[in-house]
Amino acid sequence: MRVVLAEDLFLLRDGLTRTLQEHGCEVVAAVDNHPALVRALREERPDVAVIDVRLPPGFTDEGLRAALDARRERPGLPVLILSQYVDQLYAQELLAGGEGAVGYLLKDRVTHTAQFVDAVRTVAAGGTVLDPQVVARLLARGDARGNTAQLTPREHEVLRLMAEGRSNAAIAHTLHVSESAVAKHTASIFAKLRIEPSADDNRRVLAVLAHLRR
Amino acid sequence: MGRGRGAWIALGRCQLRSLDALVLPLFGGLVVAALLLLPVGLGFPLLPPAAAALRRRSDRQRARAADRSGLPVSPPEPLPRTTRAILGDEGFWRDVRWAWCEPLTGGLLVAVPLSLFWYGVFGVLVQPFVWRLLGDENWYAFVPVRSTATMLAALLLGAGFLASAVALAPRTLAGHARWTRWALSAPYTTELVRRIDHLTGTRADALDVQAAELRRIERDLHDGAQARLVALGMTLEEATRLLDSDPAAARALLVEVRSVSERALQDLRELVHGILPPVLADRGLGDAVRSLALDSFLDVDVDVALPPGRFPAAVESAAYFAVAELLANAAKHSGAREVRIGLGHRDDVLRVSVADDGRGGAEASRDTGGLAGVRRRLLAFDGTLALHSPPGGPTLATLEIPCASSSPKTSSCSGTG
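Going down the list, the protein sequences come from chains A and B. Residue numbering for the first sequence follows our numbering, beginning at 182 and increasing consecutively. Residue numbering for the second sequence follows our numbering, beginning at 3 and increasing consecutively.
Don't read these hints as lab results, they were simulated from the structure. Worth double-checking, as some hints may not be accurate.
Unchecked claim - Chain B side only, calculated, beta carbon under 10 Å to chain A, not exhaustive: (1) Pro41; (2) Arg271; (3) Ser293.
Unchecked claim - Just the calculated beta-carbon pair ranges, DEER-fashion: (4) A:Leu356 with B:Pro314: 28 to 38 Å; (5) B:Arg378 with A:His337: 52 to 62 Å; (6) A:His337 with B:Val274: 22 to 32 Å; (7) B:Arg260 with A:Ala330: 41 to 51 Å; (8) B:Glu240 with A:Gly196: 19 to 29 Å; (9) B:Leu256 with A:Arg335: 43 to 53 Å; (10) A:Leu356 with B:Glu258: 19 to 29 Å; (11) B:Leu223 with A:Glu254: 34 to 44 Å; (12) A:Gly196 with B:Leu223: 51 to 61 Å; (13) A:Gly257 with B:Arg221: 30 to 40 Å; (14) A:Arg335 with B:Arg265: 46 to 56 Å; (15) A:Arg335 with B:Leu209: 47 to 57 Å.
Unchecked claim - Covered stretches of chain B, going by a simulated chain A footprint (3 or more residues, C-beta under 8 Å): (16) 259 to 267; (17) 280 to 290; (18) 294 to 302.
C-beta atoms are modelled at their ideal positions from N, C-alpha and C, and glycine is treated no differently.
Chain A on its own, in the form it takes in the complex:
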């Protein structure tokens, strides 16, 4: 898997490169600023890009903008955004196209290397991965509006993991239950929230998010 990496802090860039390489990814470009990132995305045509929101020269949201621009040029280009903070507005902008193949994670999550690499793979495969913090905000909003009132605590948990972009297998593993149990829960959640169930993992996540945001 060919990865383009953009991160301006040398230590973090180095660490990320090593982590990705250890897990069998090929880091074709590791850049530290916006123009270099734009060039790398054009020339390398990676399978997935891992990008920090804040990049030189402006140190604002260059990374995010480069990602959105690149996805406009090449729809569906898998992009995983890393940031020191997560913001609903940025999450919304990333999800706006509705094509999936996006991820938005707090930088802290890279310390859990297995989960981080999992997220990179999910995004590269066209899935959607959202940071638990974004999901928690969305769920709290859903709770406040009574959207998720009829769900059982277990269903609530499954919904949270589903919104984070986990597959049924991963959810089953996390909750120590069987995959068929998870399937039963998801079916029940979809029925209660009146979401059209769909086989496509990614569409499923987007439907959940759309519902929570309502």
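Following the hints, position chain B against chain A.
Relative to chain A, chain B alone:
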């Protein structure tokens, strides 16, 4: 319809102003008489009441002018008690000057639509009946009224005069208000002294707010992230010690270290957000408010009509935290479901309105914490917070901060395609 009525009312007001202007010389004269009688001693007891009477008239006029023009007319300092002090008071001399100028300038100004009106009335209502009685000597403006045809022409001309009088009245009245503002607003030095007092007060406030903010940051760092990092170092030390003797315990400690480091990061993140929310730093006020709206549990509709570019960082920050406070209040106390936020910038004033459909009854004065704090922050920029919240709702809060928008900066990206 409404405008037509307004014009007639304006005409009536012109009439009243002109009568005022006729009465005013009496007061001006009284004051001058008192002044002239000063050398013989009689003026001393006379001047204070005369000056006070004049001040009452000028105060009324100031209120009217403020009402007309929609702009406050800064009043002069209160009139002193003693004759000596009155003679040295700049505001008093302004009143005297006004009393003598008003009949000429103001009076003549409002007389323009009035004379057009009354001459028009004469043309329309009186000419049709009197021209036969008056014979060849009867002229109406430039029309010699000697036949039915010329009488009709005079009638038409009179109607024209009437129409222009009505059309002119509101503008004349506005002009009169401008003149009054100029003649009666406080002397320049008074204005300056007031401004200095105001600035000294708001500067002290701003420094207080800032010092409190620094204290809060220091405390948060000290009790939060810093303490956690110390604990983290101790746990690491312990884990290192146990590494050989009890690897299982060392592993457990290392897991704990990770969770503590996550908490420390979380603390730092919250602290940074409290100082300057990253979206505000990255994107500016419009997107930062949009982000607030997405975070709110209420239905928040944001309408951003801001020019490209950024406002001064301090202004953006004050406006942002004010909106955050208002939004939090709406969510906490109002029982509202929907909130509309509007952001606009016109005439170098940043205007933000936050309207909710809740039960109202919010009072800025009663709230010692949030809203009072917002007001204090805004004062440092000469900004204001107006709260309209009748019991039963809805609540509308409007904040205004005078400020110019800077030229577009590269980092502003709302329009990047």
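Status of each hint after checking the structure:
A distance limit of 10 Å between C-beta atoms decides the matter here; for Pro41 of chain B the minimum to chain A is near 75 Å, and the interface restraint is violated. The interface hint given for Arg271 of chain B holds, since its Cβ lies 6 Å from the closest Cβ of chain A, which is under the 10 Å cut-off. Interface hint status for Ser293 of chain B: upheld, as the beta-carbon distance to the closest one in chain A is roughly 4 Å, under 10 Å. Judged by the Cβ atoms, the range 28 to 38 Å given for Leu356 of chain A and Pro314 of chain B is violated: they are separated by roughly 51 Å.
Between Arg378 of chain B and His337 of chain A the beta carbon distance is about 42 Å. The supplied range of 52 to 62 Å is therefore violated. Between His337 of chain A and Val274 of chain B the Cβ separation comes to about 30 Å, which falls inside the hinted range of 22 to 32 Å. At about 35 Å, the beta-carbon gap between Arg260 of chain B and Ala330 of chain A misses the expected band of 41 to 51 Å. In this structure, Glu240 of chain B and Gly196 of chain A meet the distance hint of 19 to 29 Å, their C-beta atoms being roughly 25 Å apart.
Taking the beta carbon of each, Leu256 of chain B and Arg335 of chain A are about 31 Å apart, not inside 43 to 53 Å as hinted. Taking 19 to 29 Å as the suggested C-beta distance range, the pair Leu356 of chain A and Glu258 of chain B conforms, at roughly 23 Å. At about 43 Å, the beta-carbon gap between Leu223 of chain B and Glu254 of chain A stays in the expected band of 34 to 44 Å. Roughly 25 Å separates the CB atoms of Gly196 of chain A and Leu223 of chain B, a value that falls outside the hinted 51 to 61 Å.
In this structure the hint that Gly257 of chain A and Arg221 of chain B lie 30 to 40 Å apart at CB is violated, the actual value being about 48 Å. Between Arg335 of chain A and Arg265 of chain B the CB atoms are about 27 Å apart, so this pair departs from the stated range of 46 to 56 Å. Remark: the range hint 47 to 57 Å for Arg335 of chain A to Leu209 of chain B is upheld by a beta-carbon distance near 54 Å. Counting residues of the region 259 to 267 of chain B whose beta-carbon sits less than 8 Å from any beta-carbon of chain A gives 4, enough to reach three: the coverage restraint holds.
Given a C-beta distance limit of less than 8 Å, the hint that chain A covers the region 280 to 290 of chain B holds, as 6 residues qualify and 3 suffice. Look at the region 294 to 302 of chain B against chain A: 3 of its residues bring a Cβ nearer than 8 Å to a Cβ of that chain, three or more, so the hint holds.
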